[in-house]
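Starting from the known structure of chain A, arrange chain B on it as the hints suggest.
This is what each chain is made of:
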Amino acid sequence: METLKTAIVEGDDRLAASQAGEALASGLDPLDVLNRGIVPGIQRAGELWQTNQYFLPDVVLSAEAFKAAMKSVEPRLKERQRASVAKRVVIGVVKGDMHDLGKGLVGAMLTAAGFEVTDLGIDVPLEKFVEAARSLKPDILGLGAYMTTTMLQMKRVIAELDQQGLHNGLKVMVGGVPTSQEFADEVGADAWGKDAMDTVRKAQTLAGG
Amino acid sequence: MSFVIDFEPLGTRLMCEEPILLRDAASRAGVPLKSVCGGKTTCGKCLVRVSSGSALSPVTEAERLLLSEAEIAAGYRQACRTLASGVVSVYVPPSSLTEEQKLQVEGAEARIEVDPLVRKFCVTAPPATLADPRGDFDRVADALREQSGVPLLCADLPTLTQLSAALRAGQWTITAAARAGELIAAEPGDTTHTAVGLAVDLGTTKIACYLVDLLTGRTLAARGVMNPQIGFGEDVITRIEAAGKDEITRRRLREIVIAAINEAVTDLCAGMGLTPADILEAVLVGNTAMHHLALELPVKQLGVIPFVPVTARPLEVKCATLGLVAAPGAYTHCPPPIAGFVGSDHVAVLLASGFGRDDRTRLAIDLGTNTEIALQARGRIRSCSTACGPAFEGAHIKFGMRAALGAIERVKIDGASGEVRLSTIGGKFPVGICGSGILDAVAELLKAGWMNERGRLNAEVGRRGADGTGSEFVLAVASHDGGREVVLTQKDLGEIQLAKGAIRAGINILMEDMAVRPEAIDEVVVAGAFGTYLDPFNAVRLGLFPPVPLSRFRQVGNAAGVGAKQALISRRARDEAARLAKRVSYLELTLYPGFAQRFAEGMRYPAGRQPELA
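Going down the list, the sequences are from chains A and B.
Throughout the first sequence, residue numbering follows our numbering, covering 1 to 209 in sequence.
Throughout the second sequence, residue numbering follows our numbering, covering 1 to 614 in sequence.
Pulled out of the complex, with its shape left as it was, chain A reads as follows (with noise of 0.2 Å):
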């Protein structure tokens, strides 16, 4: 676990990819490889973050091995429910845009905080929002736009949200670098995130835990 955890911190994503494939294959529980070796990986990324040792580039290096190393861990999880505790973000950015950085950034940092993460993609219709929404449940929904062509659809989606009743025990997250808190303000969404880190701290007051 520690060589899958260093991994994700030095942003090597074959070496992360592989150390999870082979940490599965000699039957470690999914769950175990996701705590032991994913998270704290992507955590000491986080922390070196903060305390401005690391910068973009390295971040984006850690966010692409987490990744890497999901791919095979995720799916084996859905087979076993996870901790009830965990609260469940979904996230994705919406229609016409394309832009995935911030996105990959955000998801990361908010499974090193524990949230249980679903990542809708990029170029996402109102429609799969809506329906992630009703069908997945999760606490807090998470909006990314990164031009200002495509930063209106977040509001479409809130209406819409209120409008089928299911902005009620749901949160609302908006970022991207367009928007602002006045943004997030004027498409009635919950809460807006500067940054990926700032992201997390307003969803965990948000999810109250």
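Don't take every hint at face value.
[As the list claims (entries may be wrong)] Covered by chain B, according to a simulated footprint, are these stretches of chain A (three or more residues, beta-carbon under 8 Å):
| hint | segment |
| --- | --- |
| 1 | 21 to 28 |
| 2 | 53 to 66 |
| 3 | 100 to 114 |
Since the hints were made in silico from the structure, they are not lab data.
If you're wondering where the values come from, they're calculated on a predicted model, not measured in any experiment.
Positions of the beta carbon are idealized from the N, C-alpha and C atoms, including for glycine.
Only chain B this time, still in chain A's reference frame:
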């Protein structure tokens, strides 16, 4: 409560602690604002326009004597009378500056055969009489066919109007400008010895205008002006968003750009003893967003994936329709875009750089706010676009500025002694640092071991940032004669890393997709103004460019301008441009598997890279 005053289009920023007159702020920020009367508000030369921010003193009576109601309503103020006490963004018109900004428009020219679409013919028509009451146009068309064998089939209304007057003023001898069977201008007498065209490279940040002799193919005059659309947004997406708001804004975006071109053209013509009516043909190139905005085409679909243009065909638009000053019937030819935001300016770069003409493995990098990259190998050409941002043009860098007087443009660090040697544009005391200076500084920091491969400034050589966070490296110390202290902050280094990462990721992905190794590249063409001034040695050392031997690099300046001129003077070049546009295959970087990883790898600085010379 400190606040920032932003001076555009120079891109200089000043942090202020107390309310300050804009004139003093400009002086402290190194913005060379004119002042003939010494601040007494009588000469009117320190004219500025407030583009955003409201923490300003009210308009004074003294200003009302110099400015019209319309100007005041549009935000114009005299800097010597305006006190700012909060965040404000100020646009300084070129006419208010004491020195011109260095706006590089020249490019490496290639000799091509001159073969323009518009040709001039002197023709003498028999005068109209009762026995021969043929219409003016018909008589000229008949005479031209007889005398030169050239058919004239049509003419638009403004040209017909010009024709009738010219026939009589020239006593039935005129010079007809013909374009594919259409009469587009008519002047009295014989003016076949002069034929002028206009080529425009419409950049996101800078517009380059060239007056070209259509007989010899020579460039007569050139001028670079800032694109006034910057007021609506620095990047194309923001401008597209603005255009999508309403029709008025969309029209305004076109109008201000055309007005800027017209102003430059009128100046250029005056300097040559010509008038804009002498311009017989124009060619306009630009990235797809600039192209669409200038033509007032719908851009909403261009602002979201899959970033689709309205057309990928060449366009012929009457100058009059665009509002461009020119001969009455003159056309503007717009070569086609490729795909996404990779537009006709990139096609022009490829045309000027000889892509598609031989089998050499060639890499072209057109550096700018959007950097386009093309790779030609084994008969294929692929292009991609990276929105690397304007960090290499000085934006988002604390003391960053465009290449103007006082900008640090070269940096050398002696790792042993710790001495920092600088050279600035104009040899004046430093007020900021421009792209080439930034590149040098980062490369030298890396070489000296003062910045590690991750981009972190060594705590021993940096010092704690003024705002308490991060660290900063002092490049220039404040001096008595007005030199500012210029630093590079850790945050600045991060911005540069992001830009470098984006550009290098684009290059690496194309090379991987087309299975090309650095050693196999025969030639690297570096275009764009920043590309001309940068030191390729440092660019390779930093990992901005792949490790291709330096002798294979060619810095070609504004190749888009050269390509636009070629399309203007040669029909063959125009056709070649259209074929190139069709032939180039576009690669959408952000959808490439592993893009994020390539981006992160591109951001890392190579350890101990020593560029090969040959």
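Violated hints - listed by number, lowest first: 1
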